[in-house]
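Student: What follows is each chain in one-letter form.
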Amino acid sequence: MASAVAEARRVLREGGLLLDIHPSDEPVSLHVWHARHSLNGDLTEQPENLEAIHRAPVGELDQDESLGDFTAATDAIAEALDNGFALIGSATFDYRYFFDSLDELTEYLDEEWEHATASDELLERALMVMREATTPPKLVVVQRAVVTALRKV
Amino acid sequence: MPLVIPSALELKTLRQLASFSGQRVLEIGVGDGRLAWPFAPEAAQWIGLDPDTDDLGAAHAERERAQGQEKEKVRLMVGDGRALSFPDGYFDLAFFSWSLC
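So the sequence lines, in the order shown, correspond to chains Y and D.
The first sequence lines up with residues 1 to 153 when you count with the numbering used here.
The second sequence lines up with residues 1001 to 1101 when you count with the numbering used here.
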């Protein structure tokens, strides 16, 4: 979609900023989180509690070829650097999707995600880890995202 | 919806790389507006573009519920990032949110 970048450049003023956010092409992973001890508030929404959270990686989701769309975004940004933009900076962060049960996770993946599925083997491993948790566990899908800022030159 | 939307980490990372303050912003792929609402109050103007009318419907509904400055500053339009109907040099910031995919 290089033409979208070219259009963005056209409508930007000199020195204007192009900001892009998209999922990286790294594998999407599944974790089980539980609190090492009882916490005040929600396991997922209390940054001050993060040190008390035990995170167990379970494995990676199976991904289909549509993940290549995200690679296309990375390529478009690289092309922009050769076509009138300069790099200001880039950073990554993780989207975290929280689920209370395997059913909730699989239902969400079926309905909302076209590019990733959880294998039976992965779900079985997750169930085993959840059973070992000493406090109520959460299933956490972790998807890395990339943010890039470019300046029109 | 299980995702904490928008996550604090997402907003923090975006703020590290860009300031929206006083900027005329074009968001390409605005979807339901989840990234527009946190930043629009500080922007001069926020135009959200998306080809998906269902998502834009959700954004319109959210805009109607809004009480603050974002209601006046956010304008939502159906459109394709590959053919923009804006004059040259009109925007300070063009923001692709999952739309270069």
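Quick caveat, the hints were computed from the structure, so don't treat them as lab data.
By construction, the Cβ of each residue, glycine as well, lies at the ideal position given by its N, Cα and C atoms.
Just so you know, not all the hints are guaranteed correct.
Listed next, the stretches of chain Y that the computed footprint assigns to chain D, with coverage defined by at least 3 CB atoms under 8 Å from CB atoms of chain D [unchecked claim]: (1) 13–23; (2) 121–132; (3) 142–151.
Student: Please list, smallest to largest, the hint numbers that this structure does not respect.
Tutor: As far as the earlier hints go, only 2 is violated by this structure.
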